[in-house]
Amino acid sequence: MAESSYLVFPSIDPIIFSLGPLSVRWYGMMYLVGFIAAYLLAQKRLSRTEWTRDQLSDLLFWSFVGVILGGRIGYVFFYQFGMFLENPLYLFKIWAGGMSFHGGLVGVLVALMWQAKRMKATFLQLGDFVAPLVPIGLGAGRIGNFLNAELWGRTTDVPWAIIFPNAGNVPRHPSQLYEFALEGVLLFVILWLYSAKPRPVGAVSGVFLLGYGSFRFIVEYFREPDAHIGLYQMGLSQGQLLCLPMIALGIGLLVRAYTRQQQQIKQ
Numbered sequence: 001m002a003e004s005s006y007l008v009f010p011s012i013d014p015i016i017f018s019l020g021p022l023s024v025r026w027y028g029m030m031y032l033v034g035f036i037a038a039y040l041l042a043q044k045r046l047s048r049t050e051w052t053r054d055q056l057s058d059l060l061f062w063s064f065v066g067v068i069l070g071g072r073i074g075y076v077f078f079y080q081f082g083m084f085l086e087n088p089l090y091l092f093k094i095w096a097g098g099m100s101f102h103g104g105l106v107g108v109l110v111a112l113m114w115q116a117k118r119m120k121a122t123f124l125q126l127g128d129f130v131a132p133l134v135p136i137g138l139g140a141g142r143i144g145n146f147l148n149a150e151l152w153g154r155t156t157d158v159p160w161a162i163i164f165p166n167a168g169n170v171p172r173h174p175s176q177l178y179e180f181a182l183e184g185v186l187l188f189v190i191l192w193l194y195s196a197k198p199r200p201v202g203a204v205s206g207v208f209l210l211g212y213g214s215f216r217f218i219v220e221y222f223r224e225p226d227a228h229i230g231l232y233q234m235g236l237s238q239g240q241l242l243c244l245p246m247i248a249l250g251i252g253l254l255v256r257a258y259t260r261q262q263q264q265i266k267q
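Just so it is clear: in the sequence shown, position 153 is 153 by our numbering, and no numbers are missing.
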């Protein structure tokens, strides 16, 4: 197929607008969209809990802080540890870009552990409440990646391939959109419908971990590996290796949740 037959990524300014030295970027705006969506969805289900709006606001605020701090720290330690060793101050160079979902997940887990004590709830109860709120933000983040023309896919000749700027002038999978569809839209639908009915404690969290881990693992086969890391043995990427514990933990939580439910029924 001739190169002209492929889609060419449009020229999109990563900056939406500027106010003096302050620039509002598409990627940052996507974080805001994710946070607002999570807050609105959480309010919709708040009546099913014993928590107040103030407690909900604190829970979501500190979870958001966990996403930002954990995402940055995770990116540096999982993907750019060599740069950190050369210059530890690189950790604080947020303007240079770089966020990791897996690091953000750890940050949120820490926030949930802390808030669980304050809200007199268990860690898994909070996890089950927050899990369905996450995919919208994940999907928005992948749209931000696409608008930034970053984290593109591997080379391909599929009809919907896109030629991204600074990506070798070759057609590639729009893997950001694959992740948007799977990790954002589909995962949200699964979790929102699954959690609409009462489930054993830990089950919703298990579905989230299993669902995200599986979807991300699949999409990594279409996403270009980090150039400085490449692929490990068996052709697995860094992202896939980080997803394996998620998948295992998700299965473990589901087995634990339903086993305990059966034991309680028998009693």
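In case anyone wonders, no lab produced these hints; they're calculated from the structure.
Please note: incorrect hints may appear among the correct ones.
Said to hold, decoys possible - Mimicking DSSO-like on lysine-lysine, the simulated pairs with C-alpha atoms at most 27 Å apart in a straight line are:
| # | residue 1 | residue 2 |
| --- | --- | --- |
| 1 | 120 | 197 |
| 2 | 93 | 44 |
| 3 | 197 | 93 |
| 4 | 266 | 197 |
| 5 | 197 | 44 |
| 6 | 44 | 120 |
As the list claims (entries may be wrong) - Estimated spans, in silico, between C-beta atoms of each pair:
| # | residue 1 | residue 2 | range |
| --- | --- | --- | --- |
| 7 | 83 | 255 | 36 to 44 Å |
| 8 | 241 | 168 | 31 to 39 Å |
| 9 | 154 | 14 | 36 to 44 Å |
| 10 | 232 | 267 | 43 to 51 Å |
| 11 | 93 | 48 | 29 to 37 Å |
| 12 | 196 | 255 | 32 to 40 Å |
| 13 | 17 | 43 | 25 to 33 Å |
| 14 | 122 | 5 | 30 to 38 Å |
| 15 | 266 | 198 | 14 to 22 Å |
| 16 | 48 | 91 | 50 to 58 Å |
| 17 | 82 | 256 | 24 to 32 Å |
Glycine included, every Cβ here is placed at the ideal spot set by N, Cα and C.
Any hints this thing doesn't respect? Which numbers, in order?
-> Numbers 2, 3, 8, 9, 11, 12, 14, 16, 17 - these are the hints that the structure violates, sorted from lowest upward.
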